[in-house]
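Engineer: Sequence:
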Amino acid sequence: MLHSLAISSLVALTTALAVDKPLDVCGTPPPSEGLVDAVKEIRLQEQELSTQGLVAQANVVVDTYIHIISSDGTPQGGNVSDDIVRRQMDVLNQGLSGTGFSVTLRGVDRTVNAAWANDRNEVAMKRELRKGSYKDLNLYYLNAPQGSASIGGYCYFPVQGARPGSESFIRDGCVMQFGSMPGGSLGSNNLGKVTVHEVGHWFGLFHTFQGGCEASSGGDLVDDTPAHAAPRTASDYQCPAGSNIDTCPSLPGLDPLHNYMSYRQDRCYTEFTRGQISRMVSLWRYRDPSAGFSTASIN
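Numbering (the working numbering), first residue to last: 12 to 310.
One thing to keep in mind: the hints can contain errors.
[What the hints assert, rightly or not] Simulated restraints on C-beta separations: (1) Ser108 with Ala302: 19 to 27 Å; (2) Ser43 with Asp74: 22 to 30 Å; (3) Leu116 with Arg278: 21 to 29 Å; (4) Ser227 with Arg97: 41 to 49 Å; (5) Gly143 with Val47: 25 to 33 Å.
FYI, nobody ran anything at the bench for these hints, they're computed from the structure.
Positions of the beta carbon are idealized from the N, C-alpha and C atoms, including for glycine.
Let the sequences and hints guide you as you build the complete structure.
Structural biologist: Encoded structure:
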């Protein structure tokens, strides 16, 4: 009887730990001081346009290359099917809908390499696999981004004037757990929206909780994303219906529970704000200096 009680207690404890464990997070490095300074200048330009009742808009199709890196060539080892790749592209385009950007698949390659599948020697892997120019998107799917099963993915912010062959050029792109793809094994983050979050970084967006509740930090430097605290527990990653969560009550606005650039379960993610879209357009010139954009009236 005591043995049965001990087993039951252990099962209950294990279940509780599984429920309370925070969900997988993003490993994107913080933006450089230079990028933050540049974004502050860009923000002023965006605000000037806004005073004229205008906003910049884009119509850009991004050529995209997907790299599948598996440990052993099996689906369980990360060699996902073409159908999953197609579904992931569909989710990414749905996430980008309304931004003026879309993606089109230009190629898929498959590599069996146990070290690369655990993200060991990132630069060597990308030097071998990366395709296209600096304005082309490279997505890498493997087992453990940055060697950690607790990281859903990471990406790199745009670097102005990145030269072909430079480390900034080679590292460019996003790395995600293959389990985050549609129908994957990554629990509450298996609808493919981890990729949308990471591609948001590729376009230059910061986390919405950057700077937390410190008003002087400027937060993510986007005017229409309310400041909020970074999530700490599993419940912080959820988006209860009808909730009015406000982790920074001294600052305007409620927490953006459905914003792609917060940390949430995939089911919560539904939106980029108008200000974030404007920022994506502004920073596209980092990738394509020749890009020209039109303006439209703010509705």
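Engineer: None of the hints should be skipped; say for each whether it holds.
Structural biologist: Cross-check of the supplied hints:
Taken as a hint, the range 19 to 27 Å holds for the pair Ser108 and Ala302, whose Cβ atoms sit roughly 20 Å apart. Separated by about 26 Å at the C-beta atoms, Ser43 and Asp74 satisfy the suggested range of 22 to 30 Å. A C-beta distance of roughly 25 Å is found between Leu116 and Arg278, which places it inside the suggested range of 21 to 29 Å. Checking the proposed 41 to 49 Å range against Ser227 and Arg97 shows it holds: the Cβ atoms sit about 46 Å from each other.
For the hinted restraint 25 to 33 Å between Gly143 and Val47, the CB-CB distance of approximately 27 Å keeps it satisfied.
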